[in-house]
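Add chain B to chain A, keeping to what the hints say.
So the sequence lines, in the order shown, correspond to chains A and B.
Numbering-wise, numbering that gives the first Met the number 0 puts 237 at position 238 of the first sequence, and it's gapless, one number per residue.
Numbering-wise, numbering that gives the first Met the number 0 puts 109 at position 110 of the second sequence, and it's gapless, one number per residue.
Some hints here could point you the wrong way.
Straight-line Cα separation of at most 20 Å, PhoX-like style, residue types lysine-lysine; simulated pairs [to be verified]:
# : chain 1 : residue 1 : chain 2 : residue 2
1 : A       : 1         : B       : 85
2 : B       : 202       : B       : 176
3 : B       : 85        : B       : 195
4 : B       : 176       : B       : 195
5 : B       : 85        : A       : 256
6 : B       : 176       : B       : 85
Calculated from the structure, these hints are not laboratory results.
As a plain string of letters, each chain reads:
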Amino acid sequence: MKGLRRAVYLSGVVAICAWVLVPIYFIALGAFGGRTGVFRWPKSIWPMDSTLAAMQTFLAIEGVGKAALNSVIAAALCMFLSILLGAPAGYALARYSFKGQNLYRLLIILTRAFPLAILALPLTVTFIRIGLYDTPYGVALIHTALALPFAALVSSSLFMGIPREFEEAAWVFGCTRLQAFLKIVLPLALPGMAAAAIFAFVISWNEVFAASILTVREKTLTAYLLTVLRESPLHYRFAGGFILIVPSIVFIFAVRKYLFAMWGIANR
Amino acid sequence: MTRSRLLPYALIAPSTIFLLLLFVLPLAQTIGLAFTGNDGASLENFRKMVGDINFGVSIRNTFLLVLAVIPLQIAFALAMAMMLQKLTSGRDIVLWIWTIPLGVSDLAAGLVWLAILQDRGYLNSALYALGVIEGPVNWLSIENPGTMFLGIVLAEIWRATAIVLVILVAGVQLIPKEYAEAAEIFGADAWTRFRKITLPLLKPSLQSALILRTVLAFEVFAVVYAIGGRNFPVLVGEAYAWQSENQNYGVAAAYAILVMLISLGATVCYLVALRVKPETQP
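Next comes chain B alone, as it looks inside the complex:
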């Protein structure tokens, strides 16, 4: 009998060893790197990071992006999930189209929107045809930080709403139809049913969508790089620059730790704010 008791451990052993080597160990090493200066343990890297000219800007930009993108994405994905509910025919093909961005890399998404937003791009051509502008306008230059920000927001919404949609649709499918039917019999209109039944029962899905998206949004990097280059500094972009251009692993690690702490903080907030009592779940 001992053989079959050991079997599950044998089955998880390879992946556990792998994750220890490629996840836990690097994690510890990054913390080590960040807290090691030229002569032993110090906060030197963090001081350098905070003193960096791009530090404040990159924090501000990253937070602005997260705050602008995530609420819009959640609202948009909720609306899309509800629309899918009603769709009777062609659901399969619509689903496929709506989830295509799920497979598109952030770099490619940035390039897609560059094709639209560049000065001789499709947006300007449309505005020109409508008589709004007289010639090519450079929306993505450093002189137009507002429109550059909007462009990045658009690209992020285009790319990453699909993942929220998928999580929410999976959640909606778990809600028993009887609840809504019962409510309908008692005269609740569609909006009330959405607010009183769908939304509360969707809480666990909303929570995982929020956590996943927020963690990934704080890592935003390639979309920004494709559209704005270094003109729009973000935290992970700074980590990349310190590592690959300045060859300073310590400061890069300090940036990575900062991103990690912010992500963990956001995750804890969501877990507390959206706490679900087990007995209220179907």
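Here chain A stands alone, though its shape is the one from the complex:
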């Protein structure tokens, strides 16, 4: 009886793994199947029409390469900015108690409770005026508004996990505050910060709405796909979808150790 229950339980685990992975496998088949693959009926679950040619034609379409590059620029800048601005705030929240601390926390949490549409719409007007409209830099700025609160909360929990005594010991041995931070705290916090940075990258890489309304010619990959969605043939859409997914799988693998610590504390 016990063996039977164990078998049911394990097949449940496997079934959920399949529920996640099989759809990704299918879009990969669609992405590499090309025109013939998309129209084949009935479909085989084995790669029948796979060629690299289908993916190559997609990548050669004008605009795709540029869009991918714009996505990378926006996401990298978003990652850089959210850590640059978020990490010091996280350190302040972890190490000091100061007046207005709760107000600051509230500001941070509020940013997550508002729909992105509400931020993106007026920024179109502002960005046109200051010349940031239709650039990946403008997109990076609004994505930073999304990722920054997250970076601040995560780095605050990271710094809290590093005992204050380590720093105090360094002061005793003659380090300045900055030296103690650079030599003791930073190396310990670095892996976690890298995970938070990757998360900021993913947030920007995946975002559709703001990127779509803030760009016309310099579209990011998501914005580009959204605009060509209705006109482009199915196999191009699948190729685009697949290219969007691949980095995510790698990134989630890279941050998997930090996932729970980050979300557990960031949501309290």
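Just chain B now, kept in the frame of chain A:
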């Protein structure tokens, strides 16, 4: 000593300024945009929004999606979190696989399910092989609103259950093992332990998961667009259309305000309904 008292303020200043410029200011501007008509302050944009042919439909669709997706997601993620608890080996790899959708964009998730649900897709091929259908059926056309809705629900559950799972697993890890062990000694079975110990202590995590997911679910847009196009209007999709196709920022802003009010309303409901007394927490 004054220098070190100013230090925390210096540390939070850059991010505060940034958020004021890119969050608080735009928020105020959107409210301004929404309440400004052709000649000064008016409710013109809201009147236009309510009079729009897609308005009622998009409200109905958005609420239907939220009501269908979120309860299923919470139940599914709870079951997954409990399964993970029992897993002895291979936990790492299972966790990774289950959380992959966390990194998948909503647009990509919509395209994934389009590959499965399109008329010559994998679902139809399977149904054909089983003899259920005789040829390609177009599940995602405007003639089949029911199945189009189901397709969107499937894609949303596939994509966004991972985030609920992560929040719940993080919450489960904070529950002291002793509680369940004590209950077991007193003869409580697994179901009772789940109901009387895990579920109540998981309340704060459930609350944050519900709030986060509901806010994001009311923003649903790209998944719907990838699967149903404009045939399934939702609120944020209408905001997008008014902004980018009609170039009418005012009505788009009115839609954004409406989504914001609905999200805030839902958040307040959760905060009241799932209020946690501090003394009952470990």
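Measure nothing beyond the straight line between the CA atoms of residue 202 of chain B and residue 176 of chain B; if it is 20 Å or shorter, mark the hint as holding. Given pair residue 202 of chain B, residue 176 of chain B holds - Cα atoms ~17 Å apart, limit 20 Å.
Would you check the hint for residue 85 of chain B and residue 256 of chain A, treating anything up to 20 Å between C-alpha atoms as holding? holds (19 Å)
Is residue 176 of chain B close enough to residue 85 of chain B, meaning Cα to Cα at most 20 Å? The hint holds at about 13 Å.
Pair hint outcome, residue 176 of chain B versus residue 195 of chain B [Cα-Cα no greater than 20 Å]: Between residue 176 of chain B and residue 195 of chain B the Cα gap is close to 14 Å, so the pair holds against 20 Å.
Assess, step by step, whether the Cα of residue 85 of chain B is no farther than 20 Å from the Cα of residue 195 of chain B, and give holds or violated. Judged against 20 Å, a Cα distance of about 18 Å means the pair holds.
Given the hint that residue 1 of chain A pairs with residue 85 of chain B, does the C-alpha gap stay at or below 20 Å? holds (14 Å)
Violated hints: none; the structure is consistent with every hint.
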